[in-house]
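Undergrad: In case it helps, the UniProt record's numbering puts the sequence shown at residues 1 to 341.
It should be emphasised that the hints constitute simulated quantities derived from the structure, not laboratory data.
Some hints here could point you the wrong way.
What the hints assert, rightly or not - Computed beta-carbon distance windows for the label pairs: (1) Ser132 <-> Pro317: 32 to 40 Å; (2) Glu341 <-> Asp260: 39 to 47 Å; (3) Lys233 <-> Glu291: 22 to 30 Å; (4) Leu315 <-> Ser132: 21 to 29 Å; (5) Asp99 <-> Pro159: 16 to 24 Å.
As the list claims (entries may be wrong) - Under the rule of at most 25 Å between Cα atoms (straight-line distance), these lysine-lysine pairs were calculated in the BS3-like manner: (6) Lys233 <-> Lys320; (7) Lys109 <-> Lys223; (8) Lys223 <-> Lys233; (9) Lys109 <-> Lys135; (10) Lys233 <-> Lys253; (11) Lys168 <-> Lys207; (12) Lys306 <-> Lys320.
For each residue, glycine too, the CB sits at the ideal point set by N, CA and C.
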Amino acid sequence: MLPFGSFWYFRFKFSVNEDDVESAKLNPAPCVYLKRSSRCRITRSPVRIGLDLPVRRMALFVLGGRLLKCATGIKTAMTALRPCCSSVASGKQHINGVDLYYEQKGRGKHAVLLIPGALGSTRTDFGPQLNSLNKEQFTVVGWDPRGYGQSRPPDRDFPSDFFERDAKDAVALMKALGFDKFSLLGWSDGGITALIVAARNPRLISKMVVWGSNAFVSQDDLKLYEAVRDVSKWSARMRQPMEEVYGAEMFAKTWEGWVDGIAQFAHRPEGSICLELLPLITCPTLIVHGEKDPMVPSFHPQHLLKHIKGSRLHLMPEGKHNLHLRYANEFNRLVEDFLQE
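Based on the sequences and whatever the hints tell you, model everything.
TA: Structure representation (structure tokens):
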């Protein structure tokens, strides 16, 4: 959706979308919300942006579906209503000491958080989901975990609790955006994060879909991880998206850090990443597995199915690790049907 009108207000750019005249973008902060009143007010959800600029300028607003110019005397932005009143928003939220980038699309009542895989980001991992999931039924939020994508600095590190840290960040981000209940779509490492979020926050999570994920690290897994440690042996097609985000040198360094980070769980009892948390998951859970996934052996989804009460498993015979990208239409239909049950 391309902006057909925009106006620079000091460091903030207001963009009006041709197909969505009820909302606007505030970059780098989240969505601008517009409200009829005797004074024009700039708001964003759910926290104050504190402009503190006693300036009188002309700004573009959308009121009643018409573009209007109004003189404003802005001191402090007011808290906005729930973000589902807008169909597009992006920006950063300061969460647990770091600035986390997110993108939000849709106006549906059912909020869905997309959690990317290792070194992944909203744009590299979830394009077909962010763009194509039903925007009338769902409000879809993609984010870049700390140290990934546009949530840098800081550079990514992999302490022993990095999955728990991501889980805390994910919950805090959704709360900051004004969502008190939401569903999870977690891919690969993001699925592990989703499992932890669901187990530790049962009242917050409506439903969960995970794929390409594991709750423990086996000796077989270690061999798989070591086999992909050296990114110079990857095909150019596989390296390119990550090198575009991180640069070749930083990508190689961060990926090697990930291999060491995931391998450390093999030294725990039973190789546990989050085995002890699986019985605590109470939300309806769909496990999707590509039967040709080279990174996640089939015993992992079977273990999740056995230990997550009431979960179900859907197998995709031709699916590999990135089945949600390769078979996006089929995957999206599967997810929408599950979330709307």
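Undergrad: None of the hints should be skipped; say for each whether it holds.
TA: So, going through the hints one by one against the coordinates:
1. Checked against the hint of 32 to 40 Å, the C-beta distance between Ser132 and Pro317 comes to roughly 23 Å, which is inconsistent with it.
2. Taking 39 to 47 Å as the suggested C-beta distance range, the pair Glu341 and Asp260 conforms, at roughly 40 Å.
3. A hinted range of 22 to 30 Å holds for the C-beta pair Lys233 and Glu291, which are about 25 Å apart.
4. One distance hint, 21 to 29 Å for the beta-carbon pair Leu315 and Ser132, holds here, with the actual separation near 22 Å.
5. Between Asp99 and Pro159, the C-beta spacing of about 20 Å keeps the proposed range 16 to 24 Å intact.
6. Between Lys233 and Lys320 the CA atoms are separated by roughly 19 Å; this keeps the pair inside 25 Å, and the hint holds.
7. The suggested pairing of Lys109 with Lys223 is violated, with an alpha-carbon distance near 43 Å, which exceeds 25 Å.
8. Taking the CA atoms of Lys223 and Lys233, the gap is about 16 Å. The hint holds against a cut of 25 Å.
9. Pair hint Lys109 plus Lys135 holds up; C-alpha atoms about 10 Å apart against a cutoff of 25 Å.
10. A distance of roughly 14 Å separates the Cα atoms of Lys233 and Lys253; the hinted pair therefore holds under the 25 Å criterion.
11. This hinted pair checks out: Lys168 and Lys207 have alpha carbons roughly 18 Å apart, not beyond 25 Å.
12. Annotation: proposed proximity of Lys306 to Lys320 holds, straight-line Cα distance about 22 Å (limit 25 Å).
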